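So the sequence lines, in the order shown, correspond to chains A and B.
Under my numbering, the first residue of the first sequence carries the number 1, and numbering increases by one thereafter.
Under my numbering, the first residue of the second sequence carries the number 334, and numbering increases by one thereafter.
Just so you know, not all the hints are guaranteed correct.
Said to hold, decoys possible - Some chain B residues judged to face chain A by a derived CB distance under 7 Å, without partners named: (1) Leu452; (2) Ala485; (3) Glu488; (4) Leu492; (5) Ala495; (6) Glu503; (7) Arg599.
Unchecked claim - Reference listing, derived: stretches of chain A covered by chain B, where coverage requires no fewer than 3 residues with Cβ under 8 Å from a Cβ of chain B: (8) 64–73; (9) 182–188; (10) 272–282; (11) 302–311.
Derived by calculation from the structure, the hints in this document are not laboratory data.
Bear in mind the structure is a predicted one, so any value in this text is a computation, not a measurement.
Glycine is no exception: its CB is placed at the ideal position from the N, C-alpha and C atoms.
The lines below spell out each chain.
There are 2 protein chains.
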Amino acid sequence: MSLDDAAQKPHDRLAAWLAEDMAAVNALIRERMSSEHAPRIPEVTAHLIEAGGKRLRPMLTLAAARLCGYGGPFHIHLAATVEFIHTATLLHDDVVDESAQRRGRPTANLLWDNKSSVLVGDYLFARSFQLMTATGNMRVLDILANASATIAEGEVLQLTAAQDLATTEEIYLKVVRGKTAALFSAATEVGGVIAGADEAQVRALFDYGDALGIAFQIADDLLDYGGTSAAIGKNTGDDFRERKLTLPVIKAVAAADAEERAFWVRVIEKGRQEDGDLEQAIALMQKHGAMAAARADALGWSDRARAALRALPDHPLRQMLDDLADYVVARLR
Amino acid sequence: MSLDDAAQKPHDRLAAWLAEDMAAVNALIRERMSSEHAPRIPEVTAHLIEAGGKRLRPMLTLAAARLCGYGGPFHIHLAATVEFIHTATLLHDDVVDESAQRRGRPTANLLWDNKSSVLVGDYLFARSFQLMTATGNMRVLDILANASATIAEGEVLQLTAAQDLATTEEIYLKVVRGKTAALFSAATEVGGVIAGADEAQVRALFDYGDALGIAFQIADDLLDYGGTSAAIGKNTGDDFRERKLTLPVIKAVAAADAEERAFWVRVIEKGRQEDGDLEQAIALMQKHGAMAAARADALGWSDRARAALRALPDHPLRQMLDDLADYVVARLR
């Protein structure tokens, strides 16, 4: 670890602490993304996997396993599994969303085609399944199978709930669990299970991952509207232009009068957006305190994540996970 | 079973013998394709799964398990698993191939959209994974994980090998194992494994499914060019128009002189097809005995499938599987 450790982001401290494990995970990922017969597979996978993602999910698995004292080899397999599931999901997401950019680079569906993204995604799902089967642990298989179903169900729900002003906070939470929190919570839970942690600790790891994922996603939603300061920046308004029903919008719609509701119907449901609409949307969210309320929700989930950690052993990794839960919402303060 | 049993197709005799098991499989499929939150999932799934497919793959699993004396409940889960994997693959295939029809009905990607087909396919993969995990049998998980990877790899290989005249019979066989034989052989193998069959029988069940799948696919390839009689019918020439390198074409290309090669480059690689090209392609395949050779290959694989059955117990189901291997190539005689 570097001398100016305290100044590092929690993610970087985790990466430094887990460097040896992460090197093994990366080696396993490179080995398993190869294909004897179809070179297209490693090409597409490498484009995405080596684009400098933060590897947050596999680090959660490694941290959970190490925190619970694991000394065996299978946390590496599980971390690679989680990264493969995540990568497969991104490949399919970019097809579904018709995205052109991801991590600052052209998407695979743009560089190759939708076909390659769909099929290479399927290959990575199958590979992830092989990797977890190698652990011989039926319970981690069960957890990851359930997480995979929740992820896919959340994606379909997001597709059908999109642009529907009737979307409630309850549906929003299901979508968020699907797109973010289900894999976070599975990542931490399987780390505890493979380490043979007791039930209370396994539950705490699940709760931590779940709450962290939800806090992370709500913060993301808020930042897309410029955060609570509502300062319009470079990346502001993407969700608005894509007519996504994110948490601050849902809250503002719930509080809207007839005239405001007509505005939301026009810009979200009908998608007839004009100059000044983004500013008007932000003004309405501010007026009803929707941003402050969403921020309070995010902070609440962050607190729940940190509270869950109390059931876990005192360990430098526990502090880093605590700091991470703080960090994902720190930009909202 | 009906009185005119002998006149029935082997597939129908299997369906009659396994009727009670298949009813349980269908009930489990209906239960597991539901989604509490996303009604789009059962809509899309039902469209495909209730369109009257022959359910050949789940019947192979049931037949293998029963043939080996299985009396437990999990062959039902495995049969549903196999059907879900197959259905997920079809949903993604229709997106990749931009198909408009499947089983005589509009495809899901046409009725809904590509997004729904991709995501519901992912959901069914995850569901299949949950179903097989319920068996608690690590070896069937391993077999089905490997089959899933082979299927996806074969699809990518088909994508990249498409329209490439350098495609060899070896590559063709890998593609065929991916698109057809890997799921056939996994379907029969897991039936034996769950029944606790001995290693020789498990191996025989794998060999049967593998050879049956290859025979089935080569027969399909030939029938697309009118079979060995080369009679041009209603469905003749689909593969040709889609510029697919199927076995009779690969054999004809391998035997082509310079002028013939120029023809194949034009119609397959460049896709500049004109009136009369299909007839010319068939004439070239006949000239070089490519169809007769492909037919001999199909019959050879059918014989291998039947030979593998000899290691299995004497049982009415064994005779039906034998008849099935005969039936898939009978149209070529």
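Each hint, compared with the structure:
no., hint, result
1, Leu452, "holds (5 Å)"
2, Ala485, "holds (4 Å)"
3, Glu488, "holds (5 Å)"
4, Leu492, "holds (6 Å)"
5, Ala495, "violated (10 Å)"
6, Glu503, "violated (10 Å)"
7, Arg599, "violated (24 Å)"
8, 64–73, "violated (count 0)"
9, 182–188, "violated (count 0)"
10, 272–282, "violated (count 0)"
11, 302–311, "violated (count 0)"
Figure legend: structure checked against the earlier numbered hints; hints not met, in rising order: 5, 6, 7, 8, 9, 10 and 11.
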